[in-house]
Each structure stands twice: as structure tokens, then as C-alpha cells.
Amino acid sequence: MSDLLVECPVHLTESNRDELRLLYADLRDHYARRDARNGTRTTLHFVWSGVLDPELFGATFADQRHVFAASRPVLNSAREPAALQETNRWLSARPQQNGASLRT
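In terms of numbering that gives the first Met the number 0, the sequence shown opens at residue 0 and continues consecutively.
The set of hints was computed from the structure by calculation and includes no laboratory data. Since no wrong hints were added, every one of them can be taken at face value.
Listed next, with one range per pair, are the computed distances between beta-carbon atoms:
| no. | residue 1 | residue 2 | range |
| --- | --- | --- | --- |
| 1 | L74 | T12 | 20 to 26 Å |
| 2 | R36 | E13 | 35 to 41 Å |
| 3 | D52 | D2 | 28 to 34 Å |
| 4 | P8 | A58 | 17 to 23 Å |
| 5 | A69 | S14 | 28 to 34 Å |
| 6 | L55 | A24 | 14 to 20 Å |
| 7 | S70 | D17 | 18 to 24 Å |
| 8 | S1 | A61 | 26 to 32 Å |
| 9 | P72 | R20 | 15 to 21 Å |
| 10 | G38 | A58 | 32 to 38 Å |
| 11 | G49 | A24 | 19 to 25 Å |
The C-beta atom is built at its ideal place from N, Cα and C for all residues, glycine as well.
Full structure from sequences and hints, please.
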């Protein structure tokens, strides 16, 4: 089985989160069929552009985990790595007991 990497450039906004969920499902189904037919294992690499709002990115990242589950490897990076690094730092912070946003 050979491994393939497909880069998916994406831009996240509040208004396109629903479309991204549909895109994730379409990509999952497409590459599941193609990988089964071709004997490959495709990794999807989402390359984010624009400002990454941590709360919104956290929500779409949860959507990815839900849609893809263990069906295939998924990578996320940003055109500007510092933006994703800051977002990841925010997402990995401890949840607050009162459920308040961790964003300051």
C-alpha cells in the first residue's frame, strides 16, 4: 500500500463552517473509495489561511475528528505557522470550571 498526501487549502470563517463539515464528509467518502480501489492510503493536509480564531478553529477541528474519526490521517497547518501555534496553545489549555472562554 502506498501513502499519498493531498494538500487542501482552506479559509475558515463563521459563515463557512457548515460548508467545511460537508467538505470533510465529501473528502472522507471520496478518498475512502479511491484508496480502496487503488490500494493507497491518503493523508489529508488542511492548510489554513487568514486569521484563525481559536474558538472557531477548535469547533472545526472537533468537526474533523468527528467526520474522519479513524478513517484516515489528517494534518492541519497554517500558511503562517505562528497563528496555528498560538491557536494550538489556546486549545490545549485547561478547561475552566465555570465553562468560561479561555480566550483573553
